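Engineer: The chain contents come next:
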Amino acid sequence: MAHSPKRVIVIGCGGIGTWLSHGLVRALQFQAPMSALILVDGDTFQEKNFERQAFEVMGLKSHSLRASLQPIALNTFVVSQPAWIVSEEFVKEIAEDDEGVANITAESLLQEGDYVFCVVDNYAARKLVFDAAAKLNNIDVFTGGNDEALYGSVYHYHRRDGRDITSHPGVYHDEFVNPDDKNPGELSCQERAELDGGTQLLAVNMAVASALLAKAAHVIFGTEDQKAKAIENAEIFFDLSMCEMSSSDRRTEEAILPVPAL
Amino acid sequence: MSNMESSSSSSSKDSVKIRVKYGASSKTIDATGKTVGQVRTEMATLLGIPKEAKAFSGTREVADDEMATDGMNLEYVKKTGEKG
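If you're matching them up, the sequences are chains A and B in order. Counting from 1, one number per residue, gives the positions in the first sequence under our numbering. Counting from 1, one number per residue, gives the positions in the second sequence under our numbering.
Since the hints were derived computationally from the structure, they do not count as laboratory data. Being a predicted model, the structure only gives us computed values, none of them experimental.
Straight-line distance between alpha carbons at most 30 Å, and here's what the computed DSS-like set of lysine-lysine pairs gives:
no.	chain 1	residue 1	chain 2	residue 2
1	A	Lys227	B	Lys54
2	A	Lys229	B	Lys79
3	B	Lys54	B	Lys34
4	A	Lys92	A	Lys182
5	A	Lys135	B	Lys79
6	B	Lys34	B	Lys51
7	A	Lys229	B	Lys54
8	B	Lys79	B	Lys27
9	B	Lys51	A	Lys182
10	A	Lys135	B	Lys54
11	A	Lys229	B	Lys27
12	A	Lys135	A	Lys229
13	B	Lys79	A	Lys48
14	A	Lys182	B	Lys79
15	A	Lys227	B	Lys27
16	B	Lys34	B	Lys79
17	B	Lys54	A	Lys182
18	A	Lys227	B	Lys79
All chains, please: the whole structure from these sequences, using the hints.
Structural biologist: If you want it as structure tokens, here you go:
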């Protein structure tokens with residue numbers, strides 16, 4: 001049985017986001033027809049990105065990825081939104097970057113009921129997205145990332161009826177409270193060009209995308225039991241070099257405790 | 001959890017068996033008479049736990065001077081993957 005249409009947002013169309021979007025569009029196509037898949041990224045593909053990112057043509061990442069997905073998305077609305085997610089203070093000062101790409105706040109992007117996959121390459125922008133989600137009543141935000149070896153992790157923030165069912169990641173991770181990196185959206189084009197993208201591996205990007213797709217399969221399209229299990233195992237850690245994988249329960253105490261009988 | 005339960009039930013009356021987790025790795029160890037901070041120091045090399053990693057037992061953050069208790073699931077939280 002098909003699910004009702006969903007609004008799914010992928011923020012970051014790079015090493016994880018491109019593979020993830022190829023999976024999500026297929027799932028939405030067959031399991032939730034007439035859904036919207038919104039691709040958000042202010043960056044531009046370069047030739048070196050072919051090594052581990054799934055796209056066909058150069059140009060703005062969100063436009064290029066949309067073009068790649070369009071032939072598959074027969075009944076899914078794939079929307080390209082070239083934009084940087086920045087703070088409210090920053091967007092008041094600078095509405096677009098020096099190449100004309102819009103600066104937007106996470107608050108202006110996220111809506112009630114959204115499923116958001118935040119797969120940017122920095123904690124600063126991730127924090128903005130999670131903080132904006134914390135102001136909504138019903139939302140699911142997933143994030144995933146990896147290091148430059150074979151370690152990766154995935155986190156699922158789940159809010160219902162204005163309550164955190166799983167904790168904001170900042171409860172467990174200081175990097176979501178005081179990010180020690182820079183938000184590329186708040187840098188000049190020259191400063192962005194100087195950022196070192198590192199030497200990531202395709203295998204670990206795809207593994208993070210795969211773990212996020214597994215979350216989507218259970219949280220968006222799964223049975224009630226599958227959803228409950230996914231929420232109970234909100235954070236996933238893996239190390240491909242050790243063939244190790246584990247999950248952690250990040251539900252709030254309030255969500256774990258049984259409701260007292262009246 | 002089932003491993004933890006079986007190890008707890010088979011332990012002697014006063015021994016303290018705990019499960020220590022860091023990222024994808026975990027170990028069940030004897031932590032009799034040890035604090036959370038001592039466990040961190042002892043497991044630092046084996047699991048790669050840094051000094052700044054927060055320690056949690058369930059939903060509760062635990063301080064380094066807290067004593068480990070039998071059956072405790074002690075997680076030192078690993079920094080999430082940054083790149084993407």
